[in-house]
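Undergrad: This is what each chain is made of:
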Amino acid sequence: MKDIREMIDRYLDERMSRDEEQEFVRYLRSQEIPEEFRDECELILQMATIEGDQEPPAGMEERLSAMIDNLAEESNRPAKRVRRLELRNIWRAAAIVAIVAATGLAIVQHRSERDEAFIAARDRDTFATPEEALPHANAILRNLATVTKSTRNNATEAGNNIKKLSIIIKRNQQ
Amino acid sequence: MTSTEFKNRFLPLHKELYRVAVRMLGDSNEAEDAVQNLFVKLWERRDTLGSIESDEAYCRQLLKNICIDRWREMRRHEEQSLDEETAAICDETYSEEEINDKQRFLKAFLARLHERQRRIFMLRLRGCTYDEIERLTGLPATSLRMTVSRLKRELINCYKQKNG
Numbered sequence: 001m002k003d004i005r006e007m008i009d010r011y012l013d014e015r016m017s018r019d020e021e022q023e024f025v026r027y028l029r030s031q032e033i034p035e036e037f038r039d040e041c042e043l044i045l046q047m048a049t050i051e052g053d054q055e056p057p058a059g060m061e062e063r064l065s066a067m068i069d070n071l072a073e074e075s076n077r078p079a080k081r082v083r084r085l086e087l088r089n090i091w092r093a094a095a096i097v098a099i100v101a102a103t104g105l106a107i108v109q110h111r112s113e114r115d116e117a118f119i120a121a122r123d124r125d126t127f128a129t130p131e132e133a134l135p136h137a138n139a140i141l142r143n144l145a146t147v148t149k150s151t152r153n154n155a156t157e158a159g160n161n162i163k164k165l166s167i168i169i170k171r172n173q174q
Numbered sequence: 001m002t003s004t005e006f007k008n009r010f011l012p013l014h015k016e017l018y019r020v021a022v023r024m025l026g027d028s029n030e031a032e033d034a035v036q037n038l039f040v041k042l043w044e045r046r047d048t049l050g051s052i053e054s055d056e057a058y059c060r061q062l063l064k065n066i067c068i069d070r071w072r073e074m075r076r077h078e079e080q081s082l083d084e085e086t087a088a089i090c091d092e093t094y095s096e097e098e099i100n101d102k103q104r105f106l107k108a109f110l111a112r113l114h115e116r117q118r119r120i121f122m123l124r125l126r127g128c129t130y131d132e133i134e135r136l137t138g139l140p141a142t143s144l145r146m147t148v149s150r151l152k153r154e155l156i157n158c159y160k161q162k163n164g
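Residue numbers (the numbering used here), protein chains in the order written: chain A, 1 to 174; chain B, 1 to 164.
With the rest of the complex left out, here is chain B (with noise of 0.2 Å):
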């Protein structure tokens, strides 16, 4: 196959593909990084590829393998449980455009969480289920569903305090 051949047929599917990389991530930078790793790995195999039924169903099942790997490899450098990953959020200092302004003050939030932390709260704010999270990171559901009901709440005093 050529490369030519071969961006006619998978590059079409970046978009919808990096949607599904975005909500299994929780992270857009990692998500570009997985849908390139797809690629790669699409190119490694592209003379073989010529029996799959579906395209696109093929690139989804490589893709979710890639970010359960990611989370796999996360999973080992974390040695925190996510209780012990909250931090002071709200002792850092915040500009005065952050502060006035509820967007920005809401990316300057998520910019200083923890990573694992933030992925989760990304993953839940775009709509994945309990179950889904818990699958992908390993971690229990009743654990996540805490982890996110306290962010949210630290988001809300913590603006209240910036603001008071």
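Bound conformation, chain A alone (with noise of 0.2 Å):
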């Protein structure tokens, strides 16, 4: 093993292989360390533990059991049946659908606005030639592409918390 302080060196600086790195915690582990460097060959020993440390943590396959359960129990379940809205309820609805898609027409005005070429594409809708036309209509069709991928995301998303939350509340109901 080369001088001690060069290899201490190599490993926080990120030179040595992982190889290296393994054989250099084993001296490490294997040898008394001088005074002086014992500090940081230590945390280097802790750091190394890490690496071990993958195990699932208790009760996990509980939890998953648990979980298969209550999924078990609601696909299991009869769909609910749909009440009739009262005339109050779908003023209520419409209001809450104008804000959602004003706030999301917002965004995506806002968004679009950063992009130069979507709002020189936007503001023409008439063009002498194919050719010229082409580049706004990409541009308009790749911001298009960018409002309906983030949108997805955004569902999907959504979709997934709302599947936690719905079991997170049956746990502990029961």
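Rather than coming from a laboratory, the hints here were simulated on the basis of the structure. Be a bit skeptical, because a hint or two may be false.
Some chain A residues well away from chain B (every beta-carbon gap over 12 Å; in silico) [claimed, not checked]:
| no. | residue |
| --- | --- |
| 1 | D3 |
| 2 | Q22 |
| 3 | Y27 |
| 4 | R29 |
| 5 | A48 |
| 6 | I99 |
| 7 | A133 |
| 8 | L144 |
| 9 | T148 |
| 10 | I167 |
Here are the simulated lysine-lysine pairs, BS3-like style, with alpha carbons at most 27 Å apart [said to hold, decoys possible]:
| no. | chain 1 | residue 1 | chain 2 | residue 2 |
| --- | --- | --- | --- | --- |
| 11 | A | K149 | A | K170 |
| 12 | B | K41 | B | K7 |
| 13 | A | K163 | B | K162 |
| 14 | A | K149 | A | K163 |
| 15 | B | K64 | A | K163 |
| 16 | A | K149 | B | K64 |
| 17 | B | K102 | B | K162 |
| 18 | B | K107 | B | K162 |
| 19 | B | K160 | B | K107 |
| 20 | B | K15 | A | K163 |
| 21 | A | K170 | B | K7 |
| 22 | A | K149 | B | K41 |
| 23 | B | K64 | B | K15 |
| 24 | B | K15 | A | K170 |
| 25 | B | K64 | B | K41 |
| 26 | B | K102 | B | K64 |
| 27 | A | K163 | B | K7 |
| 28 | B | K41 | A | K170 |
| 29 | B | K41 | B | K107 |
| 30 | A | K164 | B | K15 |
| 31 | A | K164 | B | K41 |
| 32 | B | K7 | A | K164 |
| 33 | B | K102 | B | K160 |
| 34 | B | K107 | B | K15 |
| 35 | A | K164 | B | K64 |
Beta carbons are placed, not taken as given, at the ideal position from N, Cα and C, and that holds for glycine.
Dock chain one against chain two, each of which comes alone in its own frame, and use the hints as you go.
TA: Structural data, given as structure tokens:
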């Protein structure tokens, strides 16, 4: 083993391969470390212990099992009867939809305005030749793709969160 | 497929899947969440799982996609660069117990890191190569290497400072 100072520096600077790191850690575990390097070497050994720390947390299997039971129970339950909306609730629902739509449009507008190509394309609708129209059409399609992708991701994320939430609520009701 | 059949088939895989998730996410709580999400997806697809050749390979692939999605989601919310995330970790208060015990000190240090830094550091300490971390995080390997090196040195310097 070379000079220990050099080895420590190579470890800290990420200049060792995985094999060299493991060899270095084995060396540190088997040797009496000089006092001046002891703190550094002990911290390096602590970092090395993290690699083996990959066992599932206690009770994870039971939690998964309970979750599957809940999912099974939920899928066996008959669909709920749809209640008719009263007139005042329809107005409330319409108001909420209007607010959400307005907010969504504001966000889309705000994002769109960051794209200069999109602004240029948005403000023109007449072109002399197809070649002239092509870059503008591309800019609009790019913007549409970005907004659609973002919306889809948000919807997926919301769906997953709702599922998790319903599992947690059920678990706490039991 | 009944819940009992489902459990008998997939629950025995949960330990190995958890290890995969920890290696990909660098965080034990997130790893458990990812495995839970995987089981929800599997349950939703339970009627089409009959034709799978290898349950483990199928689960690993689904889990990998879940973990990559999680990193993408994190990337969308992280506007700072990794360099900007280096807060004054050492300026924070550490308890006497943490300062006197290196294992506790390491845990306390990790807990004070910015989330993305901590995950990258943990991925590296758990044995991921820089190519693997680059694929997961979308950050260049050179920048990742510098970050990990800086954090290792910061850990040592911070410990020395607190014990000085």
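Undergrad: Against this structure, judge whether each hint is valid.
TA: To see whether the hints hold, each was checked on the structure:
Every C-beta of chain B lies more than 12 Å from that of D3(A), the closest at about 18 Å, which supports listing it as non-interface. Distance check for Q22(A) against chain B: the nearest CB is about 9 Å away, which does not clear 12 Å, and the non-interface claim fails. The beta carbon of Y27(A) is kept farther than 12 Å from every beta carbon of chain B, the shortest such distance being approximately 18 Å. The non-interface label for R29(A) is consistent with chain B: the shortest C-beta to C-beta separation is roughly 14 Å, beyond 12 Å.
At roughly 8 Å, the least C-beta separation between A48(A) and chain B is not larger than 12 Å, which violates its mark as non-interface. With a closest Cβ-Cβ approach of about 24 Å to chain B, I99(A) is found to remain outside the 12 Å limit, as its non-interface label requires. Against chain B, the non-interface label of A133(A) holds: every CB pair exceeds 12 Å, the least being about 32 Å. Even its closest Cβ contact with chain B, about 19 Å, leaves L144(A) beyond 12 Å, as expected for a residue assigned away from the interface.
For T148(A), the requirement that its beta carbon stay farther than 12 Å from each beta carbon of chain B is met, with the minimum near 15 Å. Taking the minimum C-beta to C-beta distance to chain B, about 8 Å, the non-interface status of I167(A) is violated against the 12 Å cut. Only pairs whose Cα atoms come within 27 Å are accepted, and K149(A) paired with K170(A) is rejected, the gap being roughly 32 Å. At most 27 Å may separate the alpha-carbon atoms for a hinted pair to count; K41(B) and K7(B) meet this at roughly 14 Å.
Among the hinted pairs, K163(A) with K162(B) is inconsistent with the structure: their alpha-carbon atoms are about 45 Å apart, more than 27 Å. For a cut-off of 27 Å, the pair hint linking K149(A) to K163(A) stands: about 21 Å separates their Cα positions. Restraint check for K64(B) and K163(A): the C-alpha separation of about 20 Å stays at or below 27 Å, so the hint holds. A hinted pair counts as satisfied when its Cα atoms are at most 27 Å apart, and K149(A) with K64(B) qualifies at roughly 20 Å.
A C-alpha spacing of about 12 Å is found between K102(B) and K162(B), which places the hinted pair at or below 27 Å, so the restraint holds. Among the hinted pairs, K107(B) with K162(B) is consistent with the structure: their alpha-carbon atoms are about 15 Å apart, no more than 27 Å. About 16 Å separates the Cα atoms of K160(B) and K107(B), which keeps this hinted pair within 27 Å; it holds. Proximity of K15(B) to K163(A) is assessed by CA-CA distance (about 23 Å); at most 27 Å being required, the pair is judged to hold.
Pair hint K170(A) plus K7(B) holds up; C-alpha atoms about 19 Å apart against a cutoff of 27 Å. Restraint check for K149(A) and K41(B): satisfied, since their Cα atoms lie roughly 21 Å apart, inside the 27 Å limit. For a cut-off of 27 Å, the pair hint linking K64(B) to K15(B) stands: about 15 Å separates their Cα positions. With a C-alpha separation of about 25 Å, the suggested pair K15(B) and K170(A) falls inside the 27 Å cut-off, and the hint holds.
For the proposed pair K64(B) and K41(B), the alpha carbon gap of about 13 Å is at most 27 Å, so the pair holds. This hinted pair does not check out: K102(B) and K64(B) have alpha carbons roughly 33 Å apart, beyond 27 Å. Between the alpha carbons of K163(A) and K7(B) the distance comes to roughly 19 Å, so the proposed pair stays at or under 27 Å and holds. Between K41(B) and K170(A) the CA atoms are separated by roughly 19 Å; this keeps the pair inside 27 Å, and the hint holds.
At most 27 Å may separate the alpha-carbon atoms for a hinted pair to count; K41(B) and K107(B) exceed this at roughly 33 Å. Restraint check for K164(A) and K15(B): the C-alpha separation of about 21 Å stays at or below 27 Å, so the hint holds. Only pairs whose Cα atoms come within 27 Å are accepted, and K164(A) paired with K41(B) is accepted, the gap being roughly 12 Å. Between K7(B) and K164(A), the direct Cα distance comes to roughly 19 Å. Compliance with the 27 Å bound is thereby established for this hinted pair.
With a CA separation close to 11 Å, the supplied pair K102(B) and K160(B) stays within the 27 Å bound. Using a Cα cut-off of 27 Å, the hinted pair K107(B) and K15(B) holds, with the two alpha carbons roughly 23 Å apart. Distance check on the hinted pair: K164(A) and K64(B) sit about 19 Å apart at the alpha-carbon level, within 27 Å; holds.
Violation of the numbered hints given earlier is confined to hints 2, 5, 10, 11, 13, 26 and 29; the remaining hints are satisfied by the structure.
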